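Undergrad: Protein chains in written order, with the UniProt record's numbering: chain C, 1 to 283; chain R, 1 to 283; chain G, 1 to 283; chain X, 1 to 283.
If you are wondering where the hints come from, they were derived from the structure by calculation, not from laboratory data. Only a predicted model underlies this, so the values are computations on that prediction, with no experimental measurement involved. Hints may be right or wrong, so weigh each one.
Pairs count within a copy or across copies, as identical chains cannot be separated in the list.
[What the hints assert, rightly or not] When the alpha-carbon atoms are kept at most 20 Å apart in a straight line, the in silico SDA-like pairs for lysine to any residue are as follows:
id : residue 1 : residue 2
1  : K95       : I174
2  : K278      : R38
3  : K24       : E224
4  : K95       : H142
5  : K87       : P136
6  : K278      : D227
7  : K278      : S244
There are 4 protein chains.
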Amino acid sequence: MSAAAASSHFLLIRCPDEAGLIYKITGVLYAYGLNIIRNDEFVERQDTYFFMRTEVAGTFEPADLTEALRQVLPAAAEIRLSDNRPKRIVLLATKEHHCLSELLVRHAFQELNAHVLAVISNYEVLADLTQRFGVPFHYISHEGLSRPDHEAVVLQVLAQYQPEFVVLAKYMRILSPEFVAHYANRLINIHHSFLPAFVGASPYAQAYERGVKIIGATAHFVNEQLDQGPIIAQSVIPVDHTHSAREMAQAGRDVEKIVLARSLKLVFNEQVFVHRNKSIIFD
Amino acid sequence: MSAAAASSHFLLIRCPDEAGLIYKITGVLYAYGLNIIRNDEFVERQDTYFFMRTEVAGTFEPADLTEALRQVLPAAAEIRLSDNRPKRIVLLATKEHHCLSELLVRHAFQELNAHVLAVISNYEVLADLTQRFGVPFHYISHEGLSRPDHEAVVLQVLAQYQPEFVVLAKYMRILSPEFVAHYANRLINIHHSFLPAFVGASPYAQAYERGVKIIGATAHFVNEQLDQGPIIAQSVIPVDHTHSAREMAQAGRDVEKIVLARSLKLVFNEQVFVHRNKSIIFD
Amino acid sequence: MSAAAASSHFLLIRCPDEAGLIYKITGVLYAYGLNIIRNDEFVERQDTYFFMRTEVAGTFEPADLTEALRQVLPAAAEIRLSDNRPKRIVLLATKEHHCLSELLVRHAFQELNAHVLAVISNYEVLADLTQRFGVPFHYISHEGLSRPDHEAVVLQVLAQYQPEFVVLAKYMRILSPEFVAHYANRLINIHHSFLPAFVGASPYAQAYERGVKIIGATAHFVNEQLDQGPIIAQSVIPVDHTHSAREMAQAGRDVEKIVLARSLKLVFNEQVFVHRNKSIIFD
Amino acid sequence: MSAAAASSHFLLIRCPDEAGLIYKITGVLYAYGLNIIRNDEFVERQDTYFFMRTEVAGTFEPADLTEALRQVLPAAAEIRLSDNRPKRIVLLATKEHHCLSELLVRHAFQELNAHVLAVISNYEVLADLTQRFGVPFHYISHEGLSRPDHEAVVLQVLAQYQPEFVVLAKYMRILSPEFVAHYANRLINIHHSFLPAFVGASPYAQAYERGVKIIGATAHFVNEQLDQGPIIAQSVIPVDHTHSAREMAQAGRDVEKIVLARSLKLVFNEQVFVHRNKSIIFD
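Let's have the full structure, built from the sequences with the hints guiding it.
TA: So, in structure tokens, the structure goes:
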């Protein structure tokens, strides 16, 4: 027999919109004697799709509550009850330390709402940093391996940790759609962005050539098209013509690590719904 | 007999929090066949006070709906139904044009959700600008008048317009508590702010002396303590040591007018609750 | 005989970098008894190109000073002496008023360091606004005209004003390279930008689809490739999933007008050098 | 015999402004065959005081060059030649880790242009973090000690490291003017700031009460008046009514650590002059 859930939980519901949804859902919660601490809804107008995130307090049997909700909701409804336990995550990195450092420090001080199970990298340079924080480090070089073969090894190591989320903390390898499919909506990436955008290699060199005044960072879920998935968080930092391309890249790193950490906080606290190619964020 | 309301309305409710509020409110809306287009709630934790703003679509009799809601809500509940008609407003200004220009232009292009009934100023310099936009201008000099006497004249002119809101668009006179009491939570002001703050005269000179790097603006409701009322919107703009005190003031004006316009949009679209000394904003 | 220049002037010099440039230039200024109020230099490292902007006070004969400077500078040097008179400008617009309003208001209050000689538009909707400010309005419809024919008429009207700069205040027509060539580095445009960028039609719809969190604006000189010229100023404004594509566009307009006005201030006050595809800005 | 300086140096000069200063200074540099890589000047208008920072490349004898410059400059001139070696610094902290973590990580990756010689704290909680990075940690409790006695011990430990700068990385003790006098213009602090400001205890609680929308951070030199010294860098982060006072404090920490790191970069790279109560920053 499963223990009845107490303390605060998040209830996450999404379904096609129809009249009376909030009434029906809150009716079930009321009948169960649950207190609504915070409630957010959003109806996506283009698809008339309904999203609701409710923080409830009280004691209940999760399976019972889910079933009771299912009775009053459309058949297509997705219902999720989360007890907000720390998420199990693995970090992938390459050579740059700024995002990895940020996450390892926050992890060390229990600020991430996650357990960092391991770090995987295709270089060894971040092994020392990772070990200072007592986190297992897996060096999986891509040298001499085809992309599928390299990814197969990475997937194998990932599999032994069974992470809920995989975070690309400046992992500079393009991932195949096959890899991405293993962690659909559970793979989070951070990348630089510019106003306007630059395509092709050496974006900071291009940004310098055109004299951009603002450098940004975007944290997003990864989907089959690289750097095209639902955006979770973005921020910017100003630069000017006295910044060399190298200094622009440094400025970019400061904003990247904060944006990545902020996006993880949103995701790990169950504040993010993915709908088509966008994120609905309740913050 | 009053016409039944159709089209979209805002329902604004606030009351002490208790279990089942959302369920009861949405139950009434459901019974009336109304569709919830958007719903926001917030519970202020310190006072356990409940705030809800709901956009509903459908046909209903406002008095009936309000009465039905009153039946299910705590006695202390405030219930407000708004049809989102443009608000009736009067602008007060002194000599600086930037906020007044911004509001007159937005008004001319129907972007303000308000009717600017008149402009009142203690100087004549903005008469020409105001008249270009076909808005009545009242010049009420404070020269030779005591503060109470000057305010009495301003109040008299205001009274003939019966404005729902009075906007201080850089009106550089201190208002007495008696004046403010006439327009409690209906009087909106914009003022510069600094990181850190400077008290006393010539704040821009002080900001220059200390080499501030950021200049801000705060739009807020006015209460009995000048510049101390609930904050509606804030923003900032960067400056540096090459800015003279005069250039810092210019930068401040750019951010002031945008922040004031943004705060009015929030207030006029019924997105703002005032609770004690803070604003609950649903945007 | 030309009157000797008094009061404050800007001296603008650019040339290939070499040792002793500042020494030689300031030596000439010292010999002429001129006082340096402010001095900025920058050496572009990739091309080792030297830029200098000096504000000098004193009395001098412009032709003499220029000649004296030419004696000590490399043959390729460009030397420019500006007395910072208001620039002669013409504004081009289409239907949106926000940038035009902003510039007409600032012009009316002498804040633009420019004379707005006329407004040209391919629609009539902004005629009323323009005339409220006493500025000539030319309606030149593109209906029934080929692009070259329409541009020919616009160029003809422009020619009669002999503007130093042409400002595209949300002029929504693509300009041919031939048109642009008439006003090389004198044609300034404002356009929305996104993090990341979206190509093709309906960028705000795309931004909405992907759930962008930041909307930006870029003011730039126009060159032969549309929207690809040297950037003068940029800024951003935050949005979220509750913004419809239309509300995102509204937010974009607030930032566009401030960025355009800021870029014009930089250009009209002689603070901008264009070098290849970037701007060197001394602010 | 001292070795002649090669590679890139910074020359920092300040003195009362007078005609011909740049000419005279660059004349000396030219005579020594030095190449000016970058040059910044600023004249503070209120005091007509001149500041110049020049990056020069070439080989020279520092004492000779300084003497040659002294010959051509006013008697009151301060002349400083820096070879941009990493600065020797000590960090003071209390219980919060965010600023200390940030600096230790940047130090570990040689991004700080400084050697962190030691960390001193009045609590033990940050000992583990510090030791992970191989930096000496001194626990100097203030329990049972008067302020002068506690400061005496801290000063004694500081003295053995002879730091060029002391960084208050969230050191939550008020420092006496006597302590500050030991490190005039060499003591750097970070503190939260608000728009508007709040005086007294529990600023985040006050910020919450008033519903502030923006939280900022200010890095500054410490002078005899606590939190009143010359500002080096500032930044802000947006918050709203859904943030509890605790979440506002968390947001504040993110911005504090980035602003502190940025201010140290400016100071350690010799980009900051202090003049009266402000900083002149060449970035």
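Undergrad: I'd like to know which numbered hints this structure contradicts. Please list them from smallest to largest.
TA: 3
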